[in-house]
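In terms of the working numbering, the sequence shown is residues 1 to 371.
Hints were generated in silico from the structure; no laboratory data involved. It cannot be assumed that every hint is accurate.
SDA-like, lysine to any residue: derived pairs with alpha carbons at most 25 angstroms apart [what the hints assert, rightly or not]:
| hint | residue 1 | residue 2 |
| --- | --- | --- |
| 1 | Lys347 | Asp108 |
| 2 | Lys17 | Gly49 |
| 3 | Lys347 | Gly276 |
| 4 | Lys347 | Ser116 |
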Amino acid sequence: MTGARGARRIGLPAEIKDHEERVALTPSAVAAAIERGHQVLVQAGSGSGAGFSDADYEDAGGELVADAADVWAADVVVKVKEPQASEHAHFRDGLTLFTYLHLAAEPDLTAALVESGVDAYAYETLTERGLLPLLAPMSEIAGRAAAIVGASQLSAAHGGSGTLLGGAAGVPPAKVVVIGLGVAGTMAARGARGLDAHVTGIDIDLQRLYETHLDGTVDATQISETALVAAHVREADLVIGAALVPGARAPVVVTEEMVAAMRPGAVVIDLAIDQGGCIETARPTTLSDPTYTLHGVLHYCVTNVPGQFPRTASAALSAAVAPRLLQLLDDPTSPRLEGAANVLGGKLVHPAVAATFPDLPSGDAPTPAGG
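Given the sequences, and given the hints that come with them, work out the whole structure.
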């Protein structure tokens with residue numbers, strides 16, 4: 001066993017968001033933390049939905065506890081989704097939280113973190129070489145799922161127009177428009193094209209458009225300009241929104257007027273809903289009640305799309321999170337955690353989050369060690 005800079009108690013609570021079955025750390029990741037000298041408290045049943053039993057965590061060296069309060073009493077709590085309202089009661093000065101936060105769309109959570117003194121680090125804003133390594137695994141899964149979900153929601157049985165993505169002999173394929181060609185959008189485009197739909201990718205980055213067109217991810221590309229976006233959305237059977245600004249509220253790219261101009265039974269999926277959504281008519285939905293219809297258009301705006309594939313998603317998330325968690329435990333100012341700090345010492349320290357909530361106290365982000 002190698003010694004850590006300071007042994008800490010890590011808490012792994014069960015997720016309580018609607019139909020959220022993911023777990024942030026697999027048993028093997030728990031074992032790695034324990035090998036470094038840390039103690040891991042695992043809430044009983046937290047990994048069952050992802051295929052990991054309590055016995056698996058015990059075999060890895062984790063200590064099973066029944067009550068969420070006992071897990072939240074740890075020095076560092078690591079989880080998947082942003083704390084729900086009932087979990088705010090566990091906040092306290094001295095607690096470090098490492099999870100997806102999406103604070104730009106969560107004013108109540110943001111205020112609670114500031115007021116309680118929790119040091120909160122977000123997966124989705126951690127940056128390395130211009131990439132988002134802790135967001136990417138879930139973006140990949142959400143994007144892949146979007147094509148499957150979109151194909152399903154277009155069926156008449158789900159209230160869609162009854163259009164098959166790939167069409168048929170003598171019948172043209174469905175028109176799919178993907179807004180934003182980051183990881184999620186690219187995977188959504190690949191999935192839809194794999195089902196033989198006609199896919200148009202829209203982005204503000206000409207280089208990204210060039211790359212996706214050249215490698216065959218999409219059939220056509222379009223620079224993101226309002227009038228041009230409107231023309232494509234109007235003709236689309238399925239629109240998938242995946243526009244992202246790290247830490248900030250997602251930009252509204254598809255307006256309500258554009259949605260209202262779509263044909264009845266068309267479908268929109270907003271994968272940016274965690275950050276407020278990039279489709280103006282989008283509002284958060286759950287896996288229990290995933291859709292609603294507005295202007296005759298079916299909306300799917302689930303805030304935890306990867307949560308319905310917990311076995312795959314948990315393994316992918318844990319692989320990305322575990323090494324950064326160990327770094328956080330050893331040295332919170334490490335360059336490998338750049339951009340992750342959102343709230344420290346009662347102040348908002350991520351510039352994009354602070355700009356979203358100008359009435360809350362803000363401060364400077366920590367300077368990386370050696371930086």
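Structure-based check of each hint:
1. Lys347 x Asp108: holds (15 angstroms)
2. Lys17 x Gly49: holds (13 angstroms)
3. Lys347 x Gly276: holds (22 angstroms)
4. Lys347 x Ser116: With a Cα-Cα distance of about 10 angstroms, the restraint between Lys347 and Ser116 holds, given a limit of 25 angstroms.
Hint compliance for this structure: no hint is broken.
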